[in-house]
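Number of protein chains: 2
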Amino acid sequence: MESTSAMSTPRTKIKRLPERGSYDTSTIEVILDEGLICHVGFVHDGQPFVIPTIHARVGDTLYLHGSPASRMLRSIRDQPICVTVTLLDGLVLARSHFHSSMNYRSVVALGTGREVTDPAEKMTAFEAVVEHVARGQWDSARRPTNKELKATSIIAMELSEASAKIRTGDPEDDEEDYELDIWAGVIPIFASFGQPIDDERLTPGLTAPDHLTDYER
Amino acid sequence: MESTSAMSTPRTKIKRLPERGSYDTSTIEVILDEGLICHVGFVHDGQPFVIPTIHARVGDTLYLHGSPASRMLRSIRDQPICVTVTLLDGLVLARSHFHSSMNYRSVVALGTGREVTDPAEKMTAFEAVVEHVARGQWDSARRPTNKELKATSIIAMELSEASAKIRTGDPEDDEEDYELDIWAGVIPIFASFGQPIDDERLTPGLTAPDHLTDYER
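Protein chains in written order, with our numbering: chain G, 1392 to 1608; chain C, 1392 to 1608.
Simulated from the structure, these hints should not be mistaken for lab results. It cannot be assumed that every hint is accurate.
Coverage of chain G stretches by chain C, computed from C-beta distances (three or more under 8 Å per stretch; other residues unrestricted) [claimed, not checked]: (1) 1465-1476; (2) 1578-1588.
Each pair of labels, with its calculated beta carbon distance range [as the list claims (entries may be wrong)]: (3) C:1416 with G:1436: 24 to 34 Å; (4) C:1530 with G:1509: 20 to 30 Å; (5) C:1604 with G:1560: 49 to 59 Å; (6) G:1569 with C:1416: 38 to 48 Å; (7) G:1400 with C:1449: 35 to 45 Å; (8) C:1508 with G:1437: 20 to 30 Å; (9) G:1571 with C:1541: 43 to 53 Å.
Note that the Cβ used here is the ideal one computed from N, Cα and C, for glycine as well.
The whole structure should be built from the sequences, with the hints applied where relevant.
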C-alpha cells in the first residue's frame, strides 16, 4: 500500500483507491516477472479483446509470444495495447460483504505493439520467454530453427506507462462491525506446481532436469 | 480439444488452432465458475484497458463487481466489453522450444456492459459474487445495507457470444525430435489455498466456519 515514483501518467494513475497504487519500477518489474502469463487487451473493429498470453521482460521491453489468434497479431501491431499481470494472494473475508476483498498484486501497462522482425531480437525474445516460464530451460531443449523463428510471432511493447496495484493484509471493517460475532480473516492463495510428469513417449532412461523439479516461482 | 455447438460467432471463433476451440455452453460455464477472477477489457479514448475483476455467473448473465477504477464503470456502461477467464493447468515442456506450450482452459466472452441499478437485481448479483468467491459465505457475514448497495457498482453482461479454448495433455513434438535425448513432459499447476488466518482483531473464541476451512475450487 505504498505509492512511489516512476512510469505514472494520468492514464495509469490509480483513481479509486490511491493508497493501493504503486508506481515503483522495481515493484512493477517483480510482478511482471513473477506472473506466468499476462492478459493482453487490444481493439478490433471497435470491440475490445482480452487474450491470455505468455510474456517476458527484458529490461524495459515486454515481449508477448505466440499470438493465440492471427486476429491478435494484426490488431496489436502498431496499435494501442494493454498488458495486465495479476497475482492473487488471498481471499479477504470481512465481517461485512461490502468490505470483503482480495489480496493481490497487479500491473497494468499501456503501450503500442511493435512486431519483432529482426531475427536476433526475435531469438533474444524467444529465449526470454522460455526462461520466463522455466529458468534454465533454454539450454535444456532444442532451440528454434530459422524456419520456426519465422513461424513465431513476437510483439514488443516498451514499458513506459505502467502502474502496480497491491492489496495486502487483513480486512478493514467498519468500526462498529468489529463487535459482531462474525469470523473475519484471510485465506491465502498460492500458485503451486507439481513434480514433472514424463511425456508418454519419453526416451527410456531420461529424467527431468534439476531446474524443473520442485518448480516454483 | 473438442469442438461443439453454442455461442459461437465469427468474432469468437477460434481461428489459429481450431482443434483447441470449444463452444459447448456447459464447458464455458464450468470455466467461468471455476475462475476466481476475470480480466475485463474495455476501451477508453481509443486505448484498451484490462482490469482484473471479481465476477459471478447467474444463468446466462455475468456480473462484474467492484470496478477498481471509476474509469472502468464509465467505460463499460453500454459499451462493448470483453470478459476473459483463464485457468492454468500445466507447463508443457516439449523437446523443442517451438512446441513448448501451456495446458489451460480459457473463456473469452464478448458483450455489452449494462449497469445494474435495480436494487433487487443488485442484491442478487452481490450474493452471487460472494458465493462465487466462497460458497456458504453469504449467510456467514453481514449483508449489504441499502447505503452499501448504492455505493457498489455492478455491471451485467449477457453471455451470448463466447468461446472456450482448452489445451490438455503431453507436448506434441515434431516426429524427428522424439529421438533427441531431451526430457519432455508436463509440470502440473494447481490453485492452492491455505487454511483461514484469523483477523488480528478477531473477537476471541470465534473460529472460521466450515465452508472456509480446506477451501478449494
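Cβ distance range 38 to 48 Å for residue 1569 of chain G and residue 1416 of chain C, holds or violated: 44 Å, holds
Assessment of proposed distance window 20 to 30 Å (beta carbons of residue 1530 of chain C, residue 1509 of chain G): With a Cβ separation near 59 Å, residue 1530 of chain C and residue 1509 of chain G fall outside 20 to 30 Å, so the hint is violated.
Beta-carbon spacing of residue 1508 of chain C to residue 1437 of chain G - inside the hinted bounds 20 to 30 Å or not: Because 25 Å falls inside the window, the suggested range holds.
Cβ separation of residue 1604 of chain C and residue 1560 of chain G, checked against the hinted range 49 to 59 Å: 21 Å, violated
Distance restraint evaluation - residue 1400 of chain G, residue 1449 of chain C, Cβ atoms, bounds 35 to 45 Å: 37 Å, holds
Beta-carbon spacing of residue 1571 of chain G to residue 1541 of chain C - inside the hinted bounds 43 to 53 Å or not: Violated, since residue 1571 of chain G and residue 1541 of chain C (Cβ atoms, about 22 Å apart) do not stay within the stated range.
Verdict for residue 1416 of chain C, residue 1436 of chain G (Cβ pair) under range 24 to 34 Å: 25 Å, holds
Given coverage of the stretch 1465-1476 of chain G by chain C, tested with a Cβ cutoff of 8 Å and a minimum of 3 residues: holds (count 5)
Coverage criterion applied to the stretch 1578-1588 of chain G (partner chain C; beta-carbon cut 8 Å; 3 residues): holds (count 11)
The structure fails hints 4, 5 and 9 (numbered hints given earlier, in ascending order).
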